[in-house]
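Heads up: the sequence lines are chains A and B, in that order.
Heads up: the first sequence at position 76 corresponds to 76 in our numbering, and the numbers run straight through without jumps.
Heads up: the second sequence at position 92 corresponds to 92 in our numbering, and the numbers run straight through without jumps.
Be careful, since some hints might not be right.
[Claimed, not checked] Pairs of lysine to aspartate or glutamate, EDC-like flavour, derived with a Cα cap of 20 Å:
#1 B:42 - A:234
#2 A:30 - A:65
#3 B:42 - A:241
[Unchecked claim] Estimated spans, in silico, between C-beta atoms of each pair:
#4 B:101 - A:341: 37 to 45 Å
#5 A:288 - B:101: 40 to 48 Å
#6 B:46 - A:98: 52 to 60 Å
[Said to hold, decoys possible] Chain B residues, not near chain A, derived (Cβ > 10 Å throughout):
#7 42
#8 102
#9 165
Note that these hints are calculated values from the structure, not bench results.
C-beta atoms are modelled at their ideal positions from N, C-alpha and C, and glycine is treated no differently.
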Amino acid sequence: MRYRTLSSLILIALVAGCPGGGGGVGDTCKSQSDCDSSLQCAAGTCVPKCARAPECGDGYSCDDDGICHLAVGQSGDACTSEVDCAPGLSCRIDGAAVGDSGFLLASCTAQNTGRPPGSTCDIDMDCRNGTCALGHCTDLCDNTRDCGNGNSCMEIPRVDPIANGALFNGCLPSQGNITWSIPVSGPSWPILLPVPSAAHSASLVFAVDDLAQQVGAQSLVSPGGQTLYTRPCEVADSTCDPARDFYSNLVRHQPELGQSVLSIPSTPSAQLETGAYRLMAASYRPNGTPGSAIPHVTAVVRIDAAVILDLHFYFLDLDDHPCASAFGDARLDASAAQTKTFFQNDFIGYLRTIFAHGGIALGSIDYTDVVDHPDLDGLDVVDAGSLLALGKSAVGVNVFFVRTLSPVGLQAFGPNPGPAGIGGTRQSGIVIGIDTLCYRSWTQLARVTAHELARYMGLHHNVELATDSNNVHWRDQIADSDDSENNLMFFSEFGGIDLSNGQREIMTRSGVLR
Amino acid sequence: MTGKTVAIIFVICATARGETPPPTPTELEIHTLSAIDSVPTKDELATYVQGPDFVARLEALALDSTVDFGIQLRAIRALPSFCAAQCKDTPPHIAVLAVIASVPSTDHSGRALLRLRAGIEALGIVKSGKLEDVNLLVPFLDNASRDIRAATARALRDMCNTTAIVPLRARYQHEMSAQVRLAISAALRDLDQCN
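Let the hints inform the model, and build the full structure from the sequences given.
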C-alpha cells in the first residue's frame, strides 16, 4: 500500500512533464535544489513535501523539512520507530528488555499479514506491524511525523504479562475516545489498564450477564504504586464502616448489580498517571461474597481535552400528563420540544448557562420519541436499566423524560459516573421525571438535569446529608469544592449552580465530551 | 433558592396570615426531604426529622398545604420507613391512609394526582395485609388518570393480597392504556406467587 503511495506521486509527476530547474510537481530532478522549495526530489522526480511518514510509503521517514528518507534498518537491527525499518519490515518490541532511555527495546522484523495500523486487535499477531495496544494496531514512533494523519506519538504502557507496564512510544488517535474490551477469564481477575501519556481520563465499565450479581473493582493501584481504591467492607461492625471506606477512597467506585463504572481521575489531587493501572475485576453475590459471574470489562481512554457536550433527548409517552399545564396543556414529545419556548429557552437555555459555568458548551441536540415501551412510561428506578439501555448514543449523554419516577419524590436518576463513550448499556443515560413539573419550573428542572448530567460526567455530591462518626458530613474528594448549597452538586433540589475549578477540571475530562 | 430561604419563607407567610404556626420544616428537614436523586434512609430521617415522634412530624409535613409541595411528597413517601416488621394499624399505616383521604375526589389537578399517587405508592409499601386497604385502592383502578391506575396496580401487587386479583382482571378487560395493562399484567403475575 505504501509503495503504491509513493509510486502514485511519481507517476503524477511524470505525466505533468519535466521542465528543468526550480521544477514543479513531476519534473525530473537529481537533487533537492532542482525542485521548487515547496517540493522534494524523490526517486528522481519533484513531488510534494511530506507532513507524515506514511505519505512517503512503507519504509520511509519524513524529516523536519518535509523530505522522505528511505529507511536502512534491516531485519534484526535495533529500532525505535516504524520509520527506522526498510520496506517490508516493521519495528517490533522484542520482549521485556528496557533500554537506557527507560523504554522497551525493539527491532526490525518481517511484517506479517495482519491488519494495518488503527485497526482493532486482540493480540499483537492481529496486526501487520506486530503491536496491539489499547485494542488497536499501533506503530512504534519517535515523533508524531512518524504516525498517520489524526494520530500522535505518545508514551504507551505495554500490558502483556512480560513487559508488565513498561513504556514504548506508539501512534494513537490524537483526540476522542479509544474503546476496547479487556479479556477476563474468571469471576475475579487481575487487569492492567494502560493509560498513555496523552490521556485525559480513563474508565472501565464492568458488566455481568447475571443481573442478580454485583460487579466492579476490588482494588485499584496507580502506576506509581498508590492505592486509589479498595472495595468498601460490607457489613458495619466494630471493624467495618462501609461509608468511611467508600468516601475515603481517592477514586470513588462501588460494585453494583449488573454493571458499574470506575472513572479516573475523581479528583485533581490524584492526577491521571501515564502507565499501567493495576486492578482486580470481580463479581459478587448480593451479600458481598464472591460471585460466579465472569465480568465483561470495557475500557475507555479519553485523549485530549474537549468542551462540547451533545445531548440526546428521549421522550416516553407524555400524553395526557397531570402536569401538562407546564407544557401548554399540549402533548410534549420530540417534535414539540424542538419548537416550544419553555423547552428551548427555559430548559435548554438554562442548561447552557449552567454548563457555561463549567467551561462546557452544549453541542448538537437531538430528539427522539420512545413509542414502543409503555412499560417504561412511568418508571420505577429498579427498572431504569431497561430504559437506559435504549440510549444508543456513545457521544454525549442520553436523557430520558419519563411521565413519573418512583419512588415518588425522586426527580432524577442516573449512574455516578456513567459509562462515558459507550451507548446501549444499562447505565447509558439519565432519567428525568416530568412529574416534577407539577411543582417546579422548567429552569428548576434544568438545574436538576444539569446536576445529574454532572454526576454522569464524574462529579459527586459536594456534600452529603450523611455524616461520619464525628458528625461531619461526607463530601467529595475535590479540595476546592466547598460544602455550599450554592454548588451545582449540592444534593438537594434547593441548590445553586456554582462549580469550583477542581470540579470544572474533573468534568471537562469526561469522555462524554467531544 | 436554598433550604434556609425556603424555611424562612414558610415562617413569614404563616406569620403574615396570623395563622397557627404551620409545621415549618427546619433546614435539616428540608435537606432531608429534598434530595434530587435519592430517597432518605430511615437513619437519615431519624437523625434529621424532628422527633421523638417522627411519624407524627412527617404526617404534619405531608398534610400541611403551606409546606413546600416537594417536601410534602417526600414526607408522604417516607412514612413507610418507620414501619416495624408488621405495619398493620401502626401510626405510619394510619398516616398514609390519612394522606389518601386528604385528597378530594373532585380535585383532578396535577398536584392532587401526585399527592394521591404518593399515598397509593406508600400504602403498597406499608403492605398491611388488610382487606380494607385493598378495598380502598381498587376504585382507583378506574381513576381517569392512567398514572393513578398504573400506580394502583403496582401498589396492589406490593400488598400481595390475592383478593386484588379479581378486580385487577376485571379492569384489565377494558383497560385501554398499554402502560396500565402492562402494570396490571405484572401485578397479576406477582400476585399469583403470594399464596
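Going down the list of hints, with the structure as the test:
1. A threshold of 20 Å between alpha carbons decides the hint, and for residue 42 (chain B) with residue 234 (chain A) the separation of about 19 Å falls inside it, so the pair holds.
2. Of the pairs offered as hints, the one joining residue 30 (chain A) and residue 65 (chain A) holds, with about 18 Å between alpha carbons and a cut-off of 20 Å not exceeded.
3. Of the pairs offered as hints, the one joining residue 42 (chain B) and residue 241 (chain A) holds, with about 18 Å between alpha carbons and a cut-off of 20 Å not exceeded.
4. At roughly 40 Å, the beta carbons of residue 101 (chain B) and residue 341 (chain A) sit within the given window of 37 to 45 Å.
5. A hinted range of 40 to 48 Å holds for the C-beta pair residue 288 (chain A) and residue 101 (chain B), which are about 43 Å apart.
6. Range check, residue 46 (chain B) to residue 98 (chain A): about 59 Å between beta-carbon atoms, so the 52 to 60 Å window is met.
7. The claim that residue 42 (chain B) is not at the interface with chain A holds, since no C-beta of that chain comes within 10 Å of its own (minimum 12 Å).
8. No beta-carbon of chain A comes within 10 Å of the beta-carbon of residue 102 (chain B); the shortest separation is about 15 Å.
9. No Cβ of chain A approaches the Cβ of residue 165 (chain B) within 10 Å, the least distance being about 20 Å, so the stated non-interface status holds.
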